[in-house]
Amino acid sequence: MNLQYKEGERMAIIVNLDVMLAKRKMSSSELAEKIGITQANLSVLKTNKGKAIRFSTLNSICEALDCTPGDILEYKK
Amino acid sequence: MKVLGKRSLSSAINIFLMILLISCIGCLTYGIFYISMNWNKLMEINVHLLLCGVYLSGIISLIMIIEFMGIFQSLKKEKIFDNENIKRLKISYISSIIIGILYVIISCVIINTGLGKIEINYYILSFFAIIIAMVFLIFGVGLIVLTEIYKKAILYKEENELTI
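In order, the protein sequence lines correspond to chains E and P. Once you know that position 18 of the first sequence is 18 in the numbering used here, the rest is easy, because the numbers rise by one and skip nothing. Quick note: to get the numbering used here, add 1000 to the position in the second sequence (first position is 1).
Just so you know, the hints here were simulated from the structure itself, not pulled from any lab data. Check each hint, because a few of them may be wrong.
Some, not all, of what chain P presents toward chain E, calculated at C-beta under 8 Å [unchecked claim]:
1. N1121
2. E1159
3. L1162
4. I1164
Model, not experiment: these values are computed from the prediction. Even for Gly, the Cβ is constructed at its ideal location relative to N, Cα and C.
Make a model of the complete structure from these sequences and hints.
Take a look at the structure:
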C-alpha cells in the first residue's frame, strides 16, 4: 500500500497555532519576533500552506508557547 | 565571470540576441521584396517550395530568438526559476523541432529536384540541409530535457520556500 504523499493532495496535518496563541494570549507578530521568522512565514504555517517545518523552528515555537509539538500539530483524516 | 545579474554574460548575450533579431527581421523583410520581384523567374515549383520552407524556418527562428531573449532578460534580473521561463522553453523546443522537420522536408525537395541530374551540388545541399535538421532536432530534444529539469527545480524551490 503506497502511502506516499502526492502533490496536490489535501494535507491531513493541521497546524493549531491560533489555538495555542489564544491560550497563551500572544499575538502572531509577537511569536514571529520571538522565534525569528517573518510574519509572512508564520502566516503560511497558520494557514496550512506550508510544505514542511524544520525541527529548529518547531523547537522555537514550542519553547515560545511552552507546549509540545502535539499541541500544535494534529492529524485529521 | 559573472553569469547572472546586470553587466554579466546574460546581459551580453541579450544584446547579441537583440542584434541578431534586428538582422533577421532585416533579412526576412529584404527577402520578401526579392522573392516577390523574382517569383516568375523561378520556374521550378520545387524552388518555390524551397524558398517557402526556408522563409518559414526563418520566421520560426525569430520566435525562438524572442523567447531566448526573454529567458536571458529574466537571468539578467536574477529571476532564474520563473514559471515564465518554462513557457518560453516550451515554445523554443516546439519551434526547434518544427524547424528540424522543415529542413528534413527541404532536403527531400532538394534531392527530388536533383534526381536524374548528374550535378553533385544538389546532394551536397541536401546533406547540409540534413545536418541543419539534425542540429535543430537534437537541440529541440535537449530543450525538452532542460524544460523538465527546470520544472523540477521550480517545484523544489517552491517547496523550500514553504519550508518554515
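Checked hints:
1. About 56 Å separates the beta-carbon of N1121 (chain P) from the nearest beta-carbon of chain E, more than 8 Å, and the hint is not met.
2. Interface restraint check for E1159 (chain P): the shortest CB-CB distance to chain E comes to about 5 Å, inside 8 Å, so the restraint holds.
3. For L1162 (chain P), the interface hint holds, the least distance from its beta-carbon to any beta-carbon of chain E being 4 Å, beneath 8 Å.
4. At about 5 Å, the closest approach between the beta carbon of I1164 (chain P) and any beta carbon in chain E falls short of 8 Å, and the interface hint on this residue holds.
The structure shown violates just one earlier hint, number 1.
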